[in-house]
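Each residue of the sequence shown is one higher than the one before, counting from 1 in my numbering.
Source of the hints: derived by calculation from the structure; they are not laboratory data. Note that the structure is a prediction, hence the values are computed from the model and not measured. Just so you know, nobody snuck in bad clues.
Computed spacing ranges between beta-carbons, pair by pair: (1) S602 with S1216: 53 to 63 Å; (2) D923 with L839: 27 to 37 Å; (3) D1042 with S982: 17 to 27 Å; (4) D513 with D701: 54 to 64 Å; (5) K571 with D1042: 32 to 42 Å; (6) S602 with I720: 34 to 44 Å; (7) N819 with N572: 28 to 38 Å; (8) G1241 with R961: 46 to 56 Å; (9) S159 with D267: 21 to 31 Å; (10) E1102 with K845: 38 to 48 Å; (11) G239 with D701: 28 to 38 Å; (12) S1216 with E603: 52 to 62 Å.
Don't be surprised by glycine CBs; every beta carbon is placed ideally from N, CA and C.
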Amino acid sequence: MKFFYFILILLFIIKVYSSAHDHMKELFAILTYAVSDDDGNIVMDVDSNNKKIELKVNVSGQTGHDIIIDIKDIIPNLRNNKVTFSKLHDLADTIYNTYFPTGTNPADIINSYDLINVLTKSTNNNPISLFLGLENKEINYLSKSNINKHIYNYIKNKSINDLKGNQNQPVNINNPSNKLTLNTNNSNYSSKSDLIAAIAAQCINASIFCKDIHFESTRDFDKNNNDKLNTFIITTKNGNTIKHSFIIDDGELKILSHPFTLIETKDSNNNIIYSVDSSFSPNSITYNDVINYNNGYHKHYTTSNRVQDPGIGIIYQFGTILEKNGNRYDPNNSNDPSYFVNDNTLNSISVKGYIAKNSVLTSPANINPDDNIVCSKSNPVYKKLEGIILEFIKERQSKGLISQTKLEKINNLTKILSILKMFPIKTNNKFEGIVKENNHIIELKNTLSFSQSIQSLINTGNLCTFNKLRKRAGESCQRSSLLVTDFDVNNPLINTLIMVRDKKINSNILLDDDIYINDNNDNDDNDNENDDNDYDNENNEKIKYLSLKKLYKNAEKINDVWDGLVNDYIKNIDQFSEKESIEFIKNFNEFINGCRNNISKSEISNNKFIENINEDDINKLEVNLQKVKDIHEKYHETNLIDDNGDDLINDIEFNKNSQSKLYKDKLIENINNSYNLLNENSEEMHICMLFNFGKDNKEFDEDRTKEVDLLCEDIENMNINEKDKEEFKNKLLYLFNEFDKLWSVFEEDNSNSDEIKNNSEVVLKLRNAYAKKLKKEFFYDNDVQSIQLIDDSNIKSTNIINLDHVNADKDNFIDYISNDINSKPYIKLFFDNLKIKVLMLGENKDQLSEDIFNNMKLLENNIMKKIQNMKEYSSAEGHFEEADHLLELINNYNDLVSVCIHENKVNNDGITDDINPIDIESDNELKNRLNYIATKKANEGINKIFKENPEKFNNEENKERFEDFINTAGDDSIKFTFGNDSVNKGTLKDYNRFLKTPVNSEGEALVKIIENSSNEYGISEISDSAKLKINLVKNASPMSRDPKDIDEVVSVSNKLVSISKNWSNIETYQEHNFRTFMNFIESVNKYDDYAVGDVEKVKDNEDGFIDLKSIYNNNEKNLEIRNYHDLFSNMNDLLLEINEFENSLNAVEKEQVKENLNEIKGNIDNAMNELYKHIKGAKFKLCESAGRENSEQFSKAINEFNEISSGAKMLFNTHSKLTNGDNSNNSNDLESKLSNLNKLGSVNSTNNKLSLKNKLKNKVLKLMKKAIRKTKRFT
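Full structure from sequences and hints, please.
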């Protein structure tokens, strides 16, 4: 694990909501409580030497780059000794006690501030409490849109008689003929269409409390006053009882109203029906009444430009710089007494000020002693302040360093913070309604999520997440409210395309001129909801038939569209007015929020623009958004702040919905990586989780409980070679962290659910399995030992893992994975399924089944068609994703062919004779085109970084592009072509001309360039290029892979977590054989002095194989080691001597040497296992190379394999005869397995039929010798 320590890390501030003084003091107080003990002191931890230190947490916002600091590093004035922590804690106490005076009941106070609780007082004295209680609560915000106008006009224009029809009967709010119809793609409306229709009908039915007040006939719901009326649905779920309370915020009448609550039940046909809950009475309060309920949150405005606010001085004491109208207010500036007056009062000049941003803080390396604020919006390297608070609380909980009293105080203040944001009081004690602006809605959603996380941590402490102990916890299991709203993606996307299209700066936009979409449509003078519906229907139909390729030329994914739009914005910033620029950024921000919201909901999105978007895609969009924001603020010399000091741009957090596509895919990905790790460790090729590819075709059991139990056992029993420990430690830590983060999502989801969520059990078991393995293997590592185990004995859940969430035609999955670029995450899963079917055929069958053979031929034909298409394209534009998908297909197909060869099921002159790997190396046109795409991507990323930070490169001649540094005329120049286009690849010499400091490899050069990026801009292109290059390397025969190419992609992969999390074995044949055979030799060295223990002493011979004399010798006696038979014979002689020695001992002598003898035999056991692993891996490398190599060189490799196998058989046989002591051996089993590995029928036949007799032998020899030198260097 890499830790970055920064002594001068500065204050971490989230983006401000309203002006800073409106809520920042509460957040600062929560942070202070999160790091203080019950006596008001900084909570202490102990280091590796048992010395007390301030508690440290990871504040990094980026996976894989930890920044571990304590509270003194975070708060500037603590770091600079300008304030004592006791002073900060006293102010935090002042803030807390102002809301919760001593002797009062916090629950009563929270409810008194909760306006929904006030509005829903009922006859049974059970009002809705948004922030307390055992019920699940959702705040459904019906976002401002044209759909609201339809709803409002429907209510306005309908009468009770319209709903009754011709019969004089009571109104049936469930009557289909009365239902309001909504034709919309907005899932927040479409999923609730029946409920909204029933609410509309009841509003008309209960006219005197609803329609006649808020929807009277003279009211005009046009775009200018539509925002004067906002509606919410508060849904509560308590067991099987579901209720929906309708809340109206009428800004024109300045009234909050609760006209009725509907109760949801089901009839005999299981249809949902709604009825009025008579236990709730209609109620309303005026805006003026609100001040009486909350006392203005204890703020008082005086006539002398002062605001009295108890504890407000905590902002000053933290060392916070505020900014307003270009003026900076610095608490440490003695010449600026206008900032704060004292701990409880501030000068109103700083009201509506916002947290000052330091634009130079683009990375930790840029932090200077005088820098004051690190703002999450300007530096995404760090977590937001809420995230840092959660880190402190979790760390304290895991170490037993926080009391329930402290947690409850934090929880109470967090609920107050949520109330402040939901029911904000403006300056001069004005209440203007429930929060409604889009950026504030996002702030509220994030704060409610933060509150839920705090409550979840308390619930965990109260055992609420454990199904066996839940009832015992009882009333302690509180539930927080969540905000549910829809973030549109179509409108911001289409509107941005229209904006750029109409500027005539981009011919790639293909949107027709007749498509115009506006949130509030143009025909505002139309008061008829049916006409409005017709307008929307027309627009919806236009959008319905749009595809990405009809939006933007050559677009493969939605990222391509936004990449183009962002490039247009950057190149033509002078053509965007400040207002247009802000609109562009707001649209982009809203689109990204829509993506985050959609993929983390349990409902699968059917929006064709984003249905296959993933977290990596969203991260790339966010990098582009940050770039656009930076350019806007630089060009227009203004911050993205409104007149109230509020941020115009806010990001929502992912929903903590464990059953969403986001977390289902994450679980499958990390289980798959777990099997990959086991396969790598044991040289296996077929351990995996099997999936059904069809909802109706359940071939394999999808209850994974037993399967994951076995996986956890395999993780526990994994034998890690000493040399590989550091590499495996990083991978084990990565997987632990992934499952730990997954468990946090499941834990929080369980805390707010009546049932333990599906797969909770397996996620926690896998999290603990990696924790146990790490603690066992790395007992000397204090950071590893600090990992806490979580008791999983009381977590029982269903554990169904399948692919039912994948949007694909399950009846023809082969067509889906062959032709849909979005199928890439599931390609390996499909081929793994086929591999297992091959392995299940057994040893007695020497042919593939007809079903497997037909599927493989169909896959091969589909792949060959795609290859032909790739070779016929005139340009590479619009084909990157297709190339990436094609390589994934080819490599997985080749892996399957290798398994068939390994199992001797193909090319044996039978009916399944014609099964061969697809070799890109032998297709120069295809190889050239794929390398062109990979190189062009890399150069694009390098150019972005270069243009952004030219001062970080060697550019005395003012060159504009990286390509200008490439020597295209040199003997070592590399050029790739695609049709008529060409691109040059940078060599080591070119990179050293480009960089300020010289490097030793191209991989090292790319890492240096990546480190020069600002806010990750340009890195995604280098990452995409590396992914293609990894697959190109993997496609090559293991004997012909160039170690230089491997070094390049491994260097970039290790730098970028987004790549390194997907492990793939791309070792060369010689690298693998040298590494694994030396593992064997070094194991032998522990009991046989003749075996060399120093890798540096090993040499290679003229054929590129190991020089055996250099790995086994005796300085006093010249051993004749001419071949592997000589090597193993000498080793075998020692085993016979050991056996003879042991048999010569009497009982007493055996007891005397028992401990030493068992240690020797244990070392022998390990050596035999390492030898078997070497042979297993070597055979699969041969299977991957069969038919793709120079026949002479391949024959030598076969001979080497046979010699080693023969020698191993001799060793295993002798080893099995050793008397078993405390260490048992398994050589009988190894000998049996070895006999299966020795069957090379398909390997030989495939090579004989396909071998490339004309393939340059010298090139192969050169690469093999280069590989062995590289392996020695890295070892």
